[in-house]
Amino acid sequence: GESVGLHLPTLSVQEGDNSIINCAYSNSASDYFIWYKQESGKGPQFIIDIRSNMDKRQGQRVTVLLNKTVKHLSLQIAATQPGDSAVYFCAELSDGLYGGATNKLIFGTGTLLAVQP
Amino acid sequence: DGGITQSPKYLFRKEGQNVTLSCEQNLNHDAMYWYRQDPGQGLRLIYYSQIVNDFQKGDIAEGYSVSREKKESFPLTVTSAQKNPTAFYLCASSPRGRKLVGTDTQYFGPGTRLTVL
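Chains as they are written, first to last, in our numbering: chain A, 1 to 117; chain B, 1 to 117.
Just chain A, with the same shape it has in the complex (with noise of 0.2 Å):
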């Protein structure tokens, strides 16, 4: 979904079920895009990446999704657990000028995802 001002977009799932968590990312030549989660207070941890060359990939419980026709990706964590809450961002890795390595990520506003027990 859009942010609107400081209100971050929110999934509220129940533990236990799976959670889908979308992301649209802005440039079609993007080719390397990774999910973080940010808990309160802390850094944003890694949890999964993805190249173009590929439109789904497996963790665990994570499973990552991407759509380059409407340039969207999609994070699925399965039997969501209380310690899964937290803000979960996308990043597509931008081009620039050393020859398209630059490692320039470009950060969605985050999804909080909220678990009740």
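Don't read these hints as lab results, they were simulated from the structure.
Misleading hints may appear alongside valid ones.
[Claimed, not checked] Residues from chain A that keep clear of chain B, each with C-beta distances beyond 10 Å, as calculated:
1) K56
2) N67
3) T69
4) S85
5) T109
[To be verified] Below are the DSBU-like pairs computed for lysine-lysine, each with C-alpha atoms no more than 35 Å apart in a straight line:
6) K57(B) / K71(A)
7) K42(A) / K71(B)
8) K57(B) / K56(A)
9) K42(A) / K83(B)
10) K71(A) / K14(B)
Quick caveat: nothing in here was measured; it's all calculated off a predicted structure.
The beta-carbon is built from N, C-alpha and C at its ideal position, and this holds for glycine as well.
Could you slot chain B onto chain A? The hints should help.
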């Protein structure tokens, strides 16, 4: 322990003062980054460095300065010219810089919360 450390965790500054935030990594990463995060918002890039003794401005560099004299260290100075410095500051590093070796993934430190009194 390998990782990225930031200090201090909390920092208070009087108006008109310069302050320096520390960022150290022992991951042998070539690239390092500074981001600013405001409440309920995504990360915005202040400065980044692809290699020792070189750095580039990010999207919001005004009022900030950096140095990269050592591979392990990338300190950020918030100068008195930064009109609204209260924010959460995050340092990150990634293996691949200008040498194009390693991955593009960025790993974050725990952050420094700066408050102007």
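Each hint tested on the structure:
| no. | hint | result |
| --- | --- | --- |
| 1 | K56 | 18 Å, holds |
| 2 | N67 | 21 Å, holds |
| 3 | T69 | 23 Å, holds |
| 4 | S85 | 16 Å, holds |
| 5 | T109 | 4 Å, violated |
| 6 | K57(B) / K71(A) | 27 Å, holds |
| 7 | K42(A) / K71(B) | 24 Å, holds |
| 8 | K57(B) / K56(A) | 34 Å, holds |
| 9 | K42(A) / K83(B) | 24 Å, holds |
| 10 | K71(A) / K14(B) | 44 Å, violated |
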